[in-house]
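Student: Model the placement of chain L on the given structure of chain D, informed by the hints.
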Amino acid sequence: MSETEGVKDTLLSVDKIPDVIREKALEIGFSDQDHLFSIRADLDLDGKAEAVWLVVGKTHLAAIGLAAIPVMVCAPIEIASIQKVRSSQTVGSAFLQVMVDEAYVDVVRYTNGQRELFSRACLEIKNLVAGKPVHPHALTSPSESFCPKCGLPLPGRKADCPRCKGHGGLFSRTLGLMKPYKWSIALLFLVMLIGVTLDLLPPMLTKMMVDKVFTPSEGTTILSHADSIHLLLVVLMILVGASLGRQLLNILISFITSLIGTRITKELREQLQSKLMGLSVEYYNRHSSGSLMSRVLYDVDYFQSFVAQVAQGFLVNLMLVLGIGAMLFVMNWRLALLVMLPIPFVAIGTTYFWRYIYPRYYRLSDSQSKMYQLLGGLLNGIRLVKVFGQEEREKKRFSDSARYMQDTLRSLQISQGIFNPIMGFIFGLGGLIIWFSGGQMVLEKYITLGTLMAFLGYVGMFYGPISSLTMFSNWLTGFLSAGQRVFEVLDSHSFLQRTKDPIRMPKIEGGIELRNVVFGYDPYTPVLKGVSMKIEPGQFVGIVGKSGSGKTTLVNLICRFYDAHEGQVLLDGVDVRKISEEDLHRQVGLVLQEPFLFRANIAQNIAYGRPDAGALAIMNAAKSANAHDFIARRTSSYDTMLGENGAGLSGGERQRISIARALLCNPRILILDEATSSVDTESEQEIQKALSVVCKERTTIAIAHRLSTLKNADVIFVFDDGHIAESGTHDDLMTKQGIYHKLVMIQTKLTRLET
Amino acid sequence: MTNETTATYQDELLAKTGVRRLTPDKTKIFEGTFSLLHCAVQGDNLYRGVFAVLMFPIRHPEQFVSLRYTDLEDKEQEIGVIENLHDFSEAAQKLIRASLKKHYYEQIISRVISIEDKFGLLFFKVELADGNVERNFMMRWSYNSAEEFGEKGKVLIDAHENRYIIPDVTKLPAADQREFTSFIYW
Numbered sequence: 001m002s003e004t005e006g007v008k009d010t011l012l013s014v015d016k017i018p019d020v021i022r023e024k025a026l027e028i029g030f031s032d033q034d035h036l037f038s039i040r041a042d043l044d045l046d047g048k049a050e051a052v053w054l055v056v057g058k059t060h061l062a063a064i065g066l067a068a069i070p071v072m073v074c075a076p077i078e079i080a081s082i083q084k085v086r087s088s089q090t091v092g093s094a095f096l097q098v099m100v101d102e103a104y105v106d107v108v109r110y111t112n113g114q115r116e117l118f119s120r121a122c123l124e125i126k127n128l129v130a131g132k133p134v135h136p137h138a139l140t141s142p143s144e145s146f147c148p149k150c151g152l153p154l155p156g157r158k159a160d161c162p163r164c165k166g167h168g169g170l171f172s173r174t175l176g177l178m179k180p181y182k183w184s185i186a187l188l189f190l191v192m193l194i195g196v197t198l199d200l201l202p203p204m205l206t207k208m209m210v211d212k213v214f215t216p217s218e219g220t221t222i223l224s225h226a227d228s229i230h231l232l233l234v235v236l237m238i239l240v241g242a243s244l245g246r247q248l249l250n251i252l253i254s255f256i257t258s259l260i261g262t263r264i265t266k267e268l269r270e271q272l273q274s275k276l277m278g279l280s281v282e283y284y285n286r287h288s289s290g291s292l293m294s295r296v297l298y299d300v301d302y303f304q305s306f307v308a309q310v311a312q313g314f315l316v317n318l319m320l321v322l323g324i325g326a327m328l329f330v331m332n333w334r335l336a337l338l339v340m341l342p343i344p345f346v347a348i349g350t351t352y353f354w355r356y357i358y359p360r361y362y363r364l365s366d367s368q369s370k371m372y373q374l375l376g377g378l379l380n381g382i383r384l385v386k387v388f389g390q391e392e393r394e395k396k397r398f399s400d401s402a403r404y405m406q407d408t409l410r411s412l413q414i415s416q417g418i419f420n421p422i423m424g425f426i427f428g429l430g431g432l433i434i435w436f437s438g439g440q441m442v443l444e445k446y447i448t449l450g451t452l453m454a455f456l457g458y459v460g461m462f463y464g465p466i467s468s469l470t471m472f473s474n475w476l477t478g479f480l481s482a483g484q485r486v487f488e489v490l491d492s493h494s495f496l497q498r499t500k501d502p503i504r505m506p507k508i509e510g511g512i513e514l515r516n517v518v519f520g521y522d523p524y525t526p527v528l529k530g531v532s533m534k535i536e537p538g539q540f541v542g543i544v545g546k547s548g549s550g551k552t553t554l555v556n557l558i559c560r561f562y563d564a565h566e567g568q569v570l571l572d573g574v575d576v577r578k579i580s581e582e583d584l585h586r587q588v589g590l591v592l593q594e595p596f597l598f599r600a601n602i603a604q605n606i607a608y609g610r611p612d613a614g615a616l617a618i619m620n621a622a623k624s625a626n627a628h629d630f631i632a633r634r635t636s637s638y639d640t641m642l643g644e645n646g647a648g649l650s651g652g653e654r655q656r657i658s659i660a661r662a663l664l665c666n667p668r669i670l671i672l673d674e675a676t677s678s679v680d681t682e683s684e685q686e687i688q689k690a691l692s693v694v695c696k697e698r699t700t701i702a703i704a705h706r707l708s709t710l711k712n713a714d715v716i717f718v719f720d721d722g723h724i725a726e727s728g729t730h731d732d733l734m735t736k737q738g739i740y741h742k743l744v745m746i747q748t749k750l751t752r753l754e755t
Numbered sequence: 756m757t758n759e760t761t762a763t764y765q766d767e768l769l770a771k772t773g774v775r776r777l778t779p780d781k782t783k784i785f786e787g788t789f790s791l792l793h794c795a796v797q798g799d800n801l802y803r804g805v806f807a808v809l810m811f812p813i814r815h816p817e818q819f820v821s822l823r824y825t826d827l828e829d830k831e832q833e834i835g836v837i838e839n840l841h842d843f844s845e846a847a848q849k850l851i852r853a854s855l856k857k858h859y860y861e862q863i864i865s866r867v868i869s870i871e872d873k874f875g876l877l878f879f880k881v882e883l884a885d886g887n888v889e890r891n892f893m894m895r896w897s898y899n900s901a902e903e904f905g906e907k908g909k910v911l912i913d914a915h916e917n918r919y920i921i922p923d924v925t926k927l928p929a930a931d932q933r934e935f936t937s938f939i940y941w
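Note that the protein sequences, when read in sequence, are chains D and L. Okay, so the first sequence: first residue is 1 according to the numbering used here, each after it adds one. Okay, so the second sequence: first residue is 756 according to the numbering used here, each after it adds one.
Okay, chain D solo, but in the shape it has when bound (with noise of 0.2 Å):
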């Protein structure tokens, strides 16, 4: 397998170039001279498997096909003639294309596996185009996202390479969980072999009832009646004590796994919440949260069956075929061999059960998971049902997804159904054929038939434990996918870079400088492209543009949920990847477009950021956002519980309370992402009134559609596609006549007609 293809061996230094290619090169006017560098893609241009090379010499470009001869896919293009270069990414492939004459054309096109390599090429063309310095040795360094070593693809950008890192075998790590408990391990182990050794005493107890008390064979001292009946009791008490003893270890097996399992889980459990609460919304983006639920909450639990089933299932069977195997053997060799005969056919049923039968609990699980959905969905969504008329609808697909249940479900047990009649039939076969066997012997007198009852007992106790240990293979299979995908989370190294020596800012003055900074979510597209800034501390700054143009990236970056991938994020002349976490993330306030708040009361939400804060703190914070009168209309006032995400209020009561929230921790930059985009015009003004009040003394950035609320603001800088279109003060852009203008004047004639 191709487990080493990576993005290493995509790249070719330029010596390397085939002899063909470069005279094909040489032949259209390249010369060594000229030559910068040249990188082999991996379709032609119709989208055929095909090495093309893109050839880049300081004059020209071209791209040349190795077919059977060397084939011009991109004719040589003057690099003074192109206008633009760009990476344009289609459905599983994309081209690397320029514009010339004001249309672009396509130069080569690639597969998603070297679209990093190609958005380096394009980095360096556009340098070249823009007469920059070139740097062909950045299309060789190191990808980002796949292990240099092995080529392996890392679970996040900069990750450890799971191969590499070594974190050693999932089972020896799990095994290392347990090491704080190996005392109580230890107990379980003295515990289980006592118990097995138990089990293993009443077939031995049955023979000795048999020879000695029911049919004493020849040879043998033959009890009077009184001995007989002493002797059964004796061997009844022994049995009922072996029973009782059993019963009691079973207790201790469970009370000690138990102990271990539902430790080790806790402590998983509290370790995934405290790796996941460090994890950077980058790795939010990239993982849904119902799987990283799933993991936290159902994925841990195969640790405690991990204990239980390795405890009582693995090493308890492994523990009695040893046992039974060797009473078998030391009783009667022959037939200890003709019950061996049933195991092949035990065997390989139970492996062909379970490869075939085991992805219907799959599927179960799935159709599981999809009915919940489905009924959330619907649950969530019932008043959109209800308006558009769909409740039948919405019953077909119910119940479709419960009929995908119900079969996956009577497929499972109907073969469950079958399997289990079918081994019993083998292990009875197994019986007979020691009944057979067995009882020619008796009857032989070869053996009594005290041995024959005692084999017979510990034949039915042998398949039994046969079968588990061959699904215990299978049941490790789930056990290390489950273990995959939580050590998964626990080696993720999706946070941002942090600083050795952070520098503490307790009270930061608010001066925001971005300086030239390039980002974007996916590292191949970016979303701002060399944006540069200033905002002075204490000022009010709004930000305008389309959907897409960059502004919530921009706060994202401010935030410092991301890390600008060229570029730097200062804060008062500090670099944000330098500031201590603590100390930014205090003092920078931000309220949503959609605020969120969790199920607890109105003074818990408020104080989310500042559990400590009294409660006249918290009546001040909400009094300066205007929610404090709406609060104070409320039954409980600030003790009023809320529901699932604010249910109980309306879109601007939830908006007031989330802007309380950010005052109370009295953020040095506040920040409002289209805080007041979806309230009515009413809350708005409320809102609006609060914030003028608040928004003094603090460095404030509003996002905003509504033009009007940032008539006020010293500075506006409105973006566009990536970039800094214009800015200045709202008169200064409307006499500018551009984009602000224009968009001004559209929502003033919105504005009157709706008036």
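Be aware that one or more of the hints could be misleading.
Computed list of lysine-lysine pairs in DSBU-like fashion (alpha-carbon distance at most 35 Å, straight line) [unchecked claim]:
no. : chain 1 : residue 1 : chain 2 : residue 2
1   : D       : 179       : L       : 873
2   : D       : 711       : L       : 830
3   : L       : 849       : D       : 396
4   : D       : 546       : L       : 856
5   : L       : 873       : D       : 149
6   : D       : 207       : D       : 395
7   : D       : 742       : L       : 830
8   : L       : 857       : D       : 529
9   : D       : 534       : L       : 830
10  : L       : 907       : D       : 529
11  : D       : 84        : L       : 781
12  : L       : 873       : D       : 48
13  : L       : 781       : D       : 529
14  : D       : 749       : L       : 830
15  : L       : 857       : D       : 132
16  : L       : 830       : D       : 546
17  : L       : 907       : D       : 182
18  : D       : 48        : L       : 783
19  : D       : 370       : L       : 873
20  : D       : 546       : L       : 781
21  : D       : 529       : D       : 275
22  : D       : 370       : L       : 907
23  : D       : 395       : L       : 781
24  : D       : 370       : L       : 926
Now the in silico label distances, taken between C-beta atoms and shown as ranges [what the hints assert, rightly or not]:
no. : chain 1 : residue 1 : chain 2 : residue 2 : range
25  : D       : 26        : L       : 831       : 34 to 42 Å
26  : D       : 610       : L       : 831       : 45 to 53 Å
27  : L       : 831       : D       : 131       : 25 to 33 Å
28  : L       : 886       : D       : 315       : 48 to 56 Å
29  : D       : 391       : L       : 846       : 48 to 56 Å
30  : L       : 838       : D       : 643       : 54 to 62 Å
31  : D       : 647       : L       : 776       : 42 to 50 Å
32  : L       : 868       : D       : 262       : 51 to 59 Å
33  : L       : 776       : D       : 391       : 30 to 38 Å
Hints were generated in silico from the structure; no laboratory data involved. Model, not experiment: these values are computed from the prediction. C-beta atoms are modelled at their ideal positions from N, C-alpha and C, and glycine is treated no differently.
Tutor: Just chain L, lined up with the frame of chain D:
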């Protein structure tokens, strides 16, 4: 008004503000300089560097083709939508199909030979429908990496974000289907 007439009336209303339909009588499609696709619409501009995108790539792969271009501000704009590709001349169809071929790069899987699970990744060995060639690829074992494709199909997105399609999982050979659904069971 019945529900049906209301819907028709509404559709007519929406057509006035909706997508522009490109019809053969008013649209000329040809290849121009740099082999770029050109599109001239009667009463409108001549567009260069045009490309085609399917609006319903799974349900209607031969219909509803949006013709688009990138303007001088690097913004993608739509010229209009071709409702049915077959309405256009053979030559125009050929050009549009070539453009579509450039927009979609997807491998169709005809057989799943083996799947191995290692390091949280699935290592696939498959046979591609195009030329029956074998191909190895690896993908993360996660829901996001195997998405729905129509009613019964799946799109597998490998670690490099390349796309592999199984148009109908139920049409795979029984053993392949079992192997596939053991891992991709959702």
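Student: Now look at each hint and say whether the structure bears it out.
Tutor: Here is what the structure says about each hint:
Proximity of residue 179 of chain D to residue 873 of chain L is assessed by CA-CA distance (about 26 Å); at most 35 Å being required, the pair is judged to hold. A threshold of 35 Å between alpha carbons decides the hint, and for residue 711 of chain D with residue 830 of chain L the separation of about 29 Å falls inside it, so the pair holds. About 43 Å separates the Cα atoms of residue 849 of chain L and residue 396 of chain D, which puts this hinted pair outside 35 Å; it is violated. For the given pair, residue 546 of chain D sits about 32 Å from residue 856 of chain L by alpha-carbon distance, which is consistent with the 35 Å threshold.
A C-alpha spacing of about 17 Å is found between residue 873 of chain L and residue 149 of chain D, which places the hinted pair at or below 35 Å, so the restraint holds. The straight-line distance between the Cα atoms of residue 207 of chain D and residue 395 of chain D is roughly 64 Å, outside the 35 Å bound, and the hint therefore fails. A C-alpha spacing of about 18 Å is found between residue 742 of chain D and residue 830 of chain L, which places the hinted pair at or below 35 Å, so the restraint holds. A distance of roughly 27 Å separates the Cα atoms of residue 857 of chain L and residue 529 of chain D; the hinted pair therefore holds under the 35 Å criterion.
Pair hint residue 534 of chain D plus residue 830 of chain L holds up; C-alpha atoms about 28 Å apart against a cutoff of 35 Å. Taking the CA atoms of residue 907 of chain L and residue 529 of chain D, the gap is near 41 Å; set against the 35 Å cutoff, the hint is violated. Annotation: proposed proximity of residue 84 of chain D to residue 781 of chain L holds, straight-line Cα distance about 32 Å (limit 35 Å). With a CA separation close to 30 Å, the supplied pair residue 873 of chain L and residue 48 of chain D stays within the 35 Å bound.
Using a Cα cut-off of 35 Å, the hinted pair residue 781 of chain L and residue 529 of chain D is violated, with the two alpha carbons roughly 39 Å apart. For the given pair, residue 749 of chain D sits about 25 Å from residue 830 of chain L by alpha-carbon distance, which is consistent with the 35 Å threshold. For the hint pairing residue 857 of chain L with residue 132 of chain D, the CA-to-CA distance comes to about 32 Å; that is within 35 Å, so the pair holds. Restraint check for residue 830 of chain L and residue 546 of chain D: satisfied, since their Cα atoms lie roughly 13 Å apart, inside the 35 Å limit.
Restraint check for residue 907 of chain L and residue 182 of chain D: the C-alpha separation of about 50 Å exceeds 35 Å, so the hint is violated. Taking the CA atoms of residue 48 of chain D and residue 783 of chain L, the gap is near 28 Å; set against the 35 Å cutoff, the hint holds. The suggested pairing of residue 370 of chain D with residue 873 of chain L holds, with an alpha-carbon distance near 27 Å, which does not exceed 35 Å. The hinted pair formed by residue 546 of chain D and residue 781 of chain L meets the criterion: a straight-line CA distance of about 33 Å does not exceed 35 Å.
Among the hinted pairs, residue 529 of chain D with residue 275 of chain D is consistent with the structure: their alpha-carbon atoms are about 32 Å apart, no more than 35 Å. For the suggested pair residue 370 of chain D and residue 907 of chain L, the alpha carbons sit about 16 Å apart, so the restraint of at most 35 Å is met. Distance check on the hinted pair: residue 395 of chain D and residue 781 of chain L sit about 46 Å apart at the alpha-carbon level, beyond 35 Å; violated. Note on residue 370 of chain D and residue 926 of chain L: the hinted pairing holds, with a Cα-Cα distance of about 23 Å set against a maximum of 35 Å.
For residue 26 of chain D and residue 831 of chain L, the hinted distance range of 34 to 42 Å is satisfied, since their beta carbons lie about 38 Å from each other. At about 46 Å, the beta-carbon gap between residue 610 of chain D and residue 831 of chain L stays in the expected band of 45 to 53 Å. Between residue 831 of chain L and residue 131 of chain D the beta carbons are some 28 Å apart, a value that agrees with the proposed interval 25 to 33 Å. Judged by the Cβ atoms, the range 48 to 56 Å given for residue 886 of chain L and residue 315 of chain D holds: they are separated by roughly 52 Å.
Taking the beta carbon of each, residue 391 of chain D and residue 846 of chain L are about 51 Å apart, inside 48 to 56 Å as hinted. About 48 Å separates the C-beta atoms of residue 838 of chain L and residue 643 of chain D, a value inconsistent with the hinted range of 54 to 62 Å. Remark: the range hint 42 to 50 Å for residue 647 of chain D to residue 776 of chain L is upheld by a beta-carbon distance near 45 Å. Under the hint 51 to 59 Å, the C-beta atoms of residue 868 of chain L and residue 262 of chain D, about 43 Å apart, miss the expected range.
Separation of residue 776 of chain L from residue 391 of chain D is about 35 Å and conforms to the stated range, judged on CB atoms against 30 to 38 Å.
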